[in-house]
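Line by line, the protein sequences are chains V and W.
Using our numbering, read the first sequence as starting at 10 and increasing by one per residue.
Using our numbering, read the second sequence as starting at 10 and increasing by one per residue.
If you are wondering where the hints come from, they were derived from the structure by calculation, not from laboratory data.
Since the structure is predicted, the reported quantities are computational estimates derived from the model, not experimental observations.
Wrong hints could be hidden among the right ones.
A pair holds if it fits inside one copy or across any two, identical chains being indistinguishable in the list.
[Said to hold, decoys possible] Below, in silico cross-link-like pairs of lysine-lysine (DSSO-like), each with a Cα-Cα straight-line distance of 30 Å or less:
1) Lys28 - Lys272
2) Lys102 - Lys113
3) Lys28 - Lys355
4) Lys102 - Lys401
5) Lys158 - Lys355
6) Lys401 - Lys113
7) Lys401 - Lys196
8) Lys401 - Lys280
9) Lys59 - Lys272
10) Lys283 - Lys28
11) Lys283 - Lys158
12) Lys59 - Lys43
2 protein chains.
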Amino acid sequence: MGQHAREASALLNTMGTSKKNEALLKTAALLCEKSQEILEANGRDVQRAKLAGMSPSLVDRLALSQARIEAMAEGIRQVAALEDPVGEVISMKTRPNGLIIGQKRVPMGVIGIIYESRPNVTADAFALCFKAGNAVILRGGSDAIDSNKAIVAVIKEALRSVSVEENSIQLVTDTDRETARQMMRLKEYIDVLIPRGGAGLIRTVVENSIVPVIETGTGNCHIYVDETADLDMAVSIVFNAKTQRTGVCNACESLVVHRSVEKEFLDRLVKRLKEKPVTLYGDEAAREAHDAVLPAAEEDWGREYLDYKLSVRTVDSIEEAIAHINRYNTGHSEAIVTRSYENAQKFLNEVDAAAVYVNASTRFTDGFEFGFGAEIGISTQKLHARGPMGLKELTSTKYIIYGNGQVRP
Amino acid sequence: MGQHAREASALLNTMGTSKKNEALLKTAALLCEKSQEILEANGRDVQRAKLAGMSPSLVDRLALSQARIEAMAEGIRQVAALEDPVGEVISMKTRPNGLIIGQKRVPMGVIGIIYESRPNVTADAFALCFKAGNAVILRGGSDAIDSNKAIVAVIKEALRSVSVEENSIQLVTDTDRETARQMMRLKEYIDVLIPRGGAGLIRTVVENSIVPVIETGTGNCHIYVDETADLDMAVSIVFNAKTQRTGVCNACESLVVHRSVEKEFLDRLVKRLKEKPVTLYGDEAAREAHDAVLPAAEEDWGREYLDYKLSVRTVDSIEEAIAHINRYNTGHSEAIVTRSYENAQKFLNEVDAAAVYVNASTRFTDGFEFGFGAEIGISTQKLHARGPMGLKELTSTKYIIYGNGQVRP
């Protein structure tokens, strides 16, 4: 598979934008046309999951519908409409010796994606990697294997029909742990591995891969309510960041509140939270400030609940807030609510995360919201890409040098 | 050490350019002032190495002199003169909802460097990492341990004298393998590891590190002499790339020659190579073309000789040349000598390497030659940085978002 992917990648490397877009639009059309086959395969996955006692919320992530397949196709059309990053010359300069040195965006080559149950990742990840000129090797979870096989079969058929190498996408159909481990050793054939899923999957890939990894995902996001905050704005932002969707990495998991406004703020927040079943876990001061707050344990500060739960930490200064956040965060998204210019700047400068907000909800950390279009994930590492990763982040660069006989003295 | 580095990194994160430059200039001055102490320590390393039977060329890499220490100091002054990449806002846009989203260059945080015998790396690596706002943990080889300790002691003294946290640089003084392995596991404290040294060291780090790694170095660089090449230019470029310095990663290790010009080209090349003791190892056609060519084994195609040796491969087309290069190269620097516009463009587009040249020596792949100033190494991977890595490549980015109460609908 590695060898096939390398060969496909060499072809994709020089494929023009219009050909890539033709293949993507054909794929979108064929997914809709063949939706019945995909739904049947997905039905088998769903049935197996139910028999195995999978929780209803996980079954919901696994299940496809006509509408979901159409959304998948629409996502692919949107990727086709995005600007092609490949071939852009970022800089070009002439050196004193006459050498002309340019830096050009090129595809990464072969991208491996290891992911869990949601079958829509199969189509999304293919579209983004393909548009950026990369071959992909996908290794989805066993839960969605029938759906994934059906989706990949349709994509391959679409590629063949427009004379594009079908090995531009390959699916690892054997979903035991050993195949994932083997992918992590394929340094010669895979240029980068992107794990998409829960914290456990990501940790396994980071710890075992010798292929370079882009770490995505887990977000223990904080909102700090400063002593100068507009408390109504703070309530609105916290309510949004906690409850607009709970199972996502940019949801707020922890509140940090200045002691001087804590009582007043928690009073207003708890009133607003009556609309949703949110439980608060706080330190002693937070519990004194409001009886709705249950006691927090040390583990609460580092926990990504992904649920209607929120920890509350009391601080006496912005320095203490920043220190707490830099200790417990996962480098994803952090926000301050403040009216103080100085505190806003300090927070932006000193909090170490992919996205740092002043007076806005952490829920905006997302490729669409940032204006990049679709994204392959949100990088929480500092190497290569940090924050939402769009097409540009799926490319590398190459120096191209034009000479006329220069040698080094 | 990890904890100390994190604390130093938090201070460096907000340190202004003028303060960083003051510390660098003070370091350069103190290295010259204390050169006697450094030379004494280095003398102990050199004596130990000689007793242990180290080869003269390796002893030469290890040995310092007054002139080499002054060159080290001059290197640091040059880094002080480079533009500070930290704080640059690469882009800033206002979204339809009024959010202002900017992307800003920030330090990586803590950089770990694992390197071999040359003690000048200690000062070079510190200067570059420090200027880019990073704390460093250095782990040099046991051969140079006394020199490294003396250099780091001087740097720490210089930092203290200008009230900069001395833990901005830390040296691992225990040089057994276990300390290097421990560094590779310190994901919580080290943001990126850069190995500098031979292929064995780099492989060990890549295979064992769970900290993200930037792979540097090994270069099996090719020059392809096309059927349309100006053969005198080709001789001059090959002679330069092979012999100007042999022990470096951007030296040419392998020639690829179009069959139609092979005889004429090898005749001229062998005449020129009489100035230097270069041995050629070629395939059957190359041996038929010139008797100076000895037989090549399969291993020769993939070998980085770092010596007065050169392999010669015969091809019938540019496609065959590109396929050969993409199979055996290490992604470093590759060149074509040609008069054909079409072949030049094809080579630039299809050869997969950090730097691809038309009509110039591969020896130019270097931070100074590219106009970046000093470099920390040459990345041969596709993630984050590719090619010579200067200050900019030692930084990450962070999204900064200015809102006025936005929540996600």
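Status of each hint after checking the structure:
no. : hint            : in the structure
1   : Lys28 - Lys272  : neither (61 Å within a copy, 42 Å between copies)
2   : Lys102 - Lys113 : both (12 Å within a copy, 24 Å between copies)
3   : Lys28 - Lys355  : between (48 Å within a copy, 19 Å between copies)
4   : Lys102 - Lys401 : both (22 Å within a copy, 17 Å between copies)
5   : Lys158 - Lys355 : neither (50 Å within a copy, 36 Å between copies)
6   : Lys401 - Lys113 : both (12 Å within a copy, 17 Å between copies)
7   : Lys401 - Lys196 : both (22 Å within a copy, 26 Å between copies)
8   : Lys401 - Lys280 : neither (44 Å within a copy, 48 Å between copies)
9   : Lys59 - Lys272  : neither (46 Å within a copy, 72 Å between copies)
10  : Lys283 - Lys28  : neither (53 Å within a copy, 52 Å between copies)
11  : Lys283 - Lys158 : neither (44 Å within a copy, 62 Å between copies)
12  : Lys59 - Lys43   : within (25 Å within a copy, 74 Å between copies)
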